[in-house]
Each structure stands twice: as structure tokens, then as C-alpha cells.
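Chains as they are written, first to last, in this note's numbering: chain A, 1 to 408; chain B, 1001 to 1312.
Don't read these hints as lab results, they were simulated from the structure.
Glycine included, each C-beta is placed from N, C-alpha and C at the ideal position.
Check each hint, because a few of them may be wrong.
[Unchecked claim] Keeping only pairs whose Cα atoms sit at most 30 Å apart, straight-line, the calculated DSBU-like set for lysine-lysine is:
1) B:K1030 with B:K1291
2) B:K1225 with A:K187
3) A:K170 with A:K204
4) A:K49 with A:K204
5) A:K49 with A:K269
6) A:K269 with A:K385
7) B:K1056 with A:K286
8) B:K1225 with A:K204
9) A:K269 with A:K187
[To be verified] Simulated restraints, written as ranges between beta carbons of each label pair:
10) A:D139 with B:K1052: 30 to 36 Å
11) A:T55 with B:R1038: 43 to 49 Å
12) A:E52 with B:D1283: 50 to 56 Å
13) A:D176 with B:F1268: 46 to 52 Å
14) A:P21 with B:R1038: 54 to 60 Å
15) B:L1126 with A:G201: 23 to 29 Å
16) B:A1276 with A:E19: 22 to 28 Å
17) A:P21 with B:P1042: 30 to 36 Å
18) B:L1126 with A:D214: 31 to 37 Å
[Claimed, not checked] Okay, the calculated bits of chain B under chain A, using three or more residues with CB under 8 Å as the criterion:
19) 1008 to 1022
20) 1252 to 1265
21) 1271 to 1285
What follows is the residue order along each chain.
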Amino acid sequence: MEKDNRIMIPLGPQHPALEEPESFNLLLEGERIAAASVLIGYNHRGMEKAAESRTYVQNIYLLERICGICSHSHSTCYVQTVEALAGAEVPRRALYLRALIGELERIHSHLLWLGIAGHEIGFLSLFMYAWRDREIVMDTLEMLTGNRINYGMNAIGGVRRDITPEQAQKVLEAVDALQARTEYYEKAVLGEETVAQRLIGVGKLLKEDALRLDAAGPVLRASGVARDIRKDDPNGIYPELDFNVITDTHADVFGRTVVRVLELMESYKMIRQIIQQMPEGPIAVKVPARIPAGEAFMRYEAPRGEDVHYTRSNGTDKPDRVKVRAPTLANSAAIAHMLEGGYLADAPIVIAAIDPCFSCTDRSVRVVDARSGEEKLFDWEGLRKYSVAWYAKQGVDLSAASMRLRGD
Amino acid sequence: MWLALFQIVIFPGFLFLGALSLVFEYVDRKLYARMQNRIGPPWYQPLADIVKLLSKETIVPCDADSHLFGAIPVFALAATCAAFLYIPIWSINSLMPFDSDLIVVLYFLTIPTLTYFLAGWFSSSLFAELGAIRAMTQLFAYEVPLYMALLGPALLAGTWSISGITAFYHQNPALLLVNIPALLVSIVTAQGKLERAPFDIPDAETEIVGGTFTEYSGRLLAMFKMTLNTELVVVAALISAIFFPLFIGGSAVVGFLLFLVKLLVVVFLLTLMRAALARFRMDQMVNFCWKVLAPVALAQILIDLIVKGALL
């Protein structure tokens, strides 16, 4: 029999390269990755279920906490579904303010990513610089909303805070400073020889593969597909803004870096337009607590890609069903494809290049039997049935009680 | 005999070298931090780190050979300390000079890398084994250009003794300019020897966690950390002895201060490199060492031979 000199190396669920618990099993032949598997599901937080027992207003705060980075994206997408259900006419100033926070959020997300990318390729100086400059946008967000993340800006029917002309002036100053820094990165980082060597040709994802594996956001755009919800299916005031969808043909990690850095430039441009064009007027309309029955579906271009929210209403003040698909889920199918054939040394940057946010993604519980290694996916109903049966075996019959509690 | 013992244990041997290595770890970390726009650690941080590690529990993996696991760090530290005895500090002569001690120092400096390999290999951990293999692969890449870069100046001086090389260039300082390519090669390869960015591949934390030292903790890890620090000082001292043997031969105090200044210059260059570059991949590192550094070092040897021929 041929000697098998391949070794399986686990990357995660706990690993210095990952910010969140997620498991990647890499089959190595020397330093090369022969096969890779991606296991998500360590972070189920039951948010969708929790949303069903809260009112629409409470859910803004719950769903904003799906993600610490793209919090505004999730809350905006959610309130858009609710406003569509209620038929609310949101004031234009509110839409401008939402877009302003949304673009500032994109800047802080992309700068954060740039720093992480530096960390993953062992370029700690870039990490320190990018995160220092990220403080500028964080301070700006704090000045506008009172918080560095989880801004609490959205309300159903508008936004909660207005901005003053002085604040707008400060935003413009911050954007000027950030633009100068980003131009420096564009020159210094993308032109740096060791960085280029580590990024070019790494984690290839060709256009057809990107489409087949359903990639989203900067990953897709770096493969040469000009898909951006802000242009393709715009909501809010995005049709009134003049900006370009950045694409790149490298189709590798370098391309993803280029796309993100250039998108920063587009965001600066958009913020200047937003401040300039922002109309006077009210910032919110009143929306009744009870939302008419129906269902709504909204897409939003989060910093990491397309974010999708679905809300179904049954005419009460609580939603019947809320479904969220975070952009990382769309991109995680492509990870295994990008890893295979690459080097172990490139695995961290390839995974990081989709800008993963696994905690935002997980929607189901994966159960692995420690003895047999058997794996099983549970949905909510399955898990409930399993627990009832398990307790019945212990002599506790809860099925009748739970029926009563649910009222069905 | 008592003098020799004093020299080995206290000055300029183990204790002095240990203190010096902590100072230079501080210098390295502080410079690195300032280059990254951070404040950096206070001056006592390296010492505090060592004290903390010494007070921590030492865990030996069940599958590891406990004797070997414990002995390897001692070997590593002893080898770097021994190497220091043959490098001139404030005078032309080192503490215990003898003919061809350059070869012995290079041998001593190879031992830590070999111990990193053994440490990783005997840790019986996946990440440590990968780190061990990487440390070994890297050794084959940088060792040849590094040795060739040090060989050139030695050929020109016509001696294998570091003290002899120092004495030769002290008399003919103009000839130092001939060795500039070798200086560049040795500084780059020293970064590989010391396993620092961009050649920190054996302990690339984002890929293989702690690399070679994944399973090490407590006292044993402290010993490895001290080895890495003393290695930095010894390599910097070796580079400064061979490439900047200037202004020595005066009083001991001035000579010693100059020694510190030279070390600072070398450490500054090493730190600058660490801050400015991203980590290479293993294959890129091997390619770079063999295709760029080795030919440059080879050319240096040719230049040295030609200059020597012209002088005679």
C-alpha cells in the first residue's frame, strides 16, 4: 500500500488567525493544501427565534447586534422591511442620514479588514497603522451617534438623531484626513513588494467559480463581476449619488485588497455628496406599533457583501418570522474552493479575505457525536422533538406542557 | 581558574549577556513600537516577562520525552552563551581567542536552530512539528548565504579567527568598504537565523499557532525566550565585529560604549526590516535565499579574492 504522508491540520475552532470560532480542516501534502473543508455552526445565537418574541421596535436593537461591525447594515435592512410592510413614507433627510452612517460604517469595516489582512500575512506595521487611522472614523461615528459601534441610529420610519452643520463640517474634515491616509496605503501597501508577493495569485476565484459558488460583495467584485446592491437594486438615496462600482480582474486576494481600498475612495466621495445634498426637514415619521399582515424582503449592500432580510407580519406588534442571511454565508461556500491547491501559509489570508463574520452567519446547530464522529444538523423543530424525546426517556414528559405554553 | 569562571559566569559571560540581551530586547520592542506608531513597553518589560514565565507552571505533554523536552532549551541557551565568549567586545581580542574560532561560533549559532527543530519534533504536537520542519527548511535556506557572507571578509583578512579579522580591518579600515554586499546579505540572513519577520515562518502564529514552541511553557519557554534574545545580541555582536571593527583598541570604557553603539545600529537595521516587511512564504524564502542572496555572497567572495590578489 502506498504510504500516506498527508496530514490533517485543524485550523480552528480556536486559532490565533480566527477572530471567531469556526473550523477549517486542511489536508496537507507538505506545505500544500490537498483538500479543505469548512465547518460553520459554532456560534448559533438563536436571534431569529428571539426576534419572534419581541416587538418590531425592540427588534431593531436585537438585530443591530447580529454583527459588531456591520450593525447599521442589519438594522437598516430590517427597518426597510418593516417600513415596506407598514407602507411608511420615510423623510428624505432620514434616508440621507442612514446612507451617511452606512458609508462611514463601510469605511471602518474596510479599514479594519486592511489591518487584519496585515496581521494574517505577518505585516504587523500595517495592522497598527490601519487600526490607528480607523480611530478617526470611529470617533466621527461616536460624535454623530454616541457610539463607536451599534449606533442605535435607525428607527422605524426614520432615524433617531439629526446632525448639526458643525457636525457635518467635522465629518468632512475626517473624510479629508482619511482620504489622505488611504491614498498613502494605496501607494505604500499595494506597491510594497513583499505584500504583492504574498497576495497575488493567492486564493484564486475565477469569475465563473465566483458566480457558481454564489460569492458576494468585494469577493465577487474582485473576480470581475460588477454586482453591487447600491447600483443594481438601490434603496434609500443611493440612486441620487454619483459613484462607481469598483471591480478588479486579479480574482485573488490582491484583487480583493484593491477593491476594498478603492471602495474606501468611493465612500469618501459619496459622503461629500451626502453632506452637500442633504435636504432640510423632519428625520422620522410615526409608524403604528401594529404592522399590517404581509411579508417583505430587502437587500442591502453591507461592507462585506449582500445582506438579506425577510420579515413576515401577522398583524400584531411582533413579527411572525424574521430571516437574516449575512454576507459571510454567501461567501463561505467559496472558501474551500479558494483554499485547495494553495499553501498552508496562505490559508489565514484566504479565509480572512472574504472578511468573514461567522457569528453573524450561523443559523443552525450542528451536533457531532464525540464517540462515533456522526454529524447531524438540527433545525428548531428537530431540536425541540429531540429534547422532548430525551426527557421522556428520563421519565419527564414535557410535550403536553410545551404544547400548552405555545398555545397550539 | 577563578578568573575564567568569573568571566564565564558573570562578566562578560552568562549574567552580563543575559542583562544585555534584555536591554536589547527592550530596544528592539521599543523601536518596533515607535515605528508602528505605538508607545511600546516600559524598560523593565522584558525582565518582567522572564520573571513571569519563570513563576508559571511548566507543562510537559504526556507523549513527549520529558528528559529531552527539558534538556533542549538548556542546550540552546548554553550554545548561544558559549558563542559570545569568542566575539571581541571592547578590545581587538575576544575573551578566549584561538585560531579559527569563527567556525566554532558559527557552529554554536547553528545549535539553537537545531534545538528548535528537536523541540518541535519531540513536542508531539501537530503545530510544533510543522514549525520544526519549517525551522529546518529555513536553516538550509539562510545558512549557506550567511556563511559565505562571513567567509568573504575572512578570506580577505587571511584568518579564520574573529579576533584576527578584527585586527586586520583595524589596520586596513578602507578595505571594509569592499565587504558592503556581504554586510547586507548577513543582515538579511541574520533575520532568518533569528526567526524574525519577514522570516518568522517557523512561528507564524496565524498559521501554526506557536510553531516550534507551541507546547512549551513556564521555565522552559523562558529559557527559549532568553535564547532568542541572546542570539540577537550575539549575532549583532558578530556582525559588528566583522563588518565594523573600527575605533577599537582605546580604553576599555570607550571601547565598550562603542560596542553598544554598534550593536544599536545593527539592531536598528534588524528592527527596521521587521517593521517594514510582510512575512514571506516558505517557498519564496528559499527561492530568495538561493537565487538572490547566495549569488551575491558568492560574488563577494570573488571580489575579496581579487582584492587580495591585487594587494599582494
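Q | Index of numbered hints that the structure contradicts, given in increasing order | A | Violated hints: 1, 2, 3, 4, 5, 6, 7, 8, 13, 14, 19, 20; rest satisfied.
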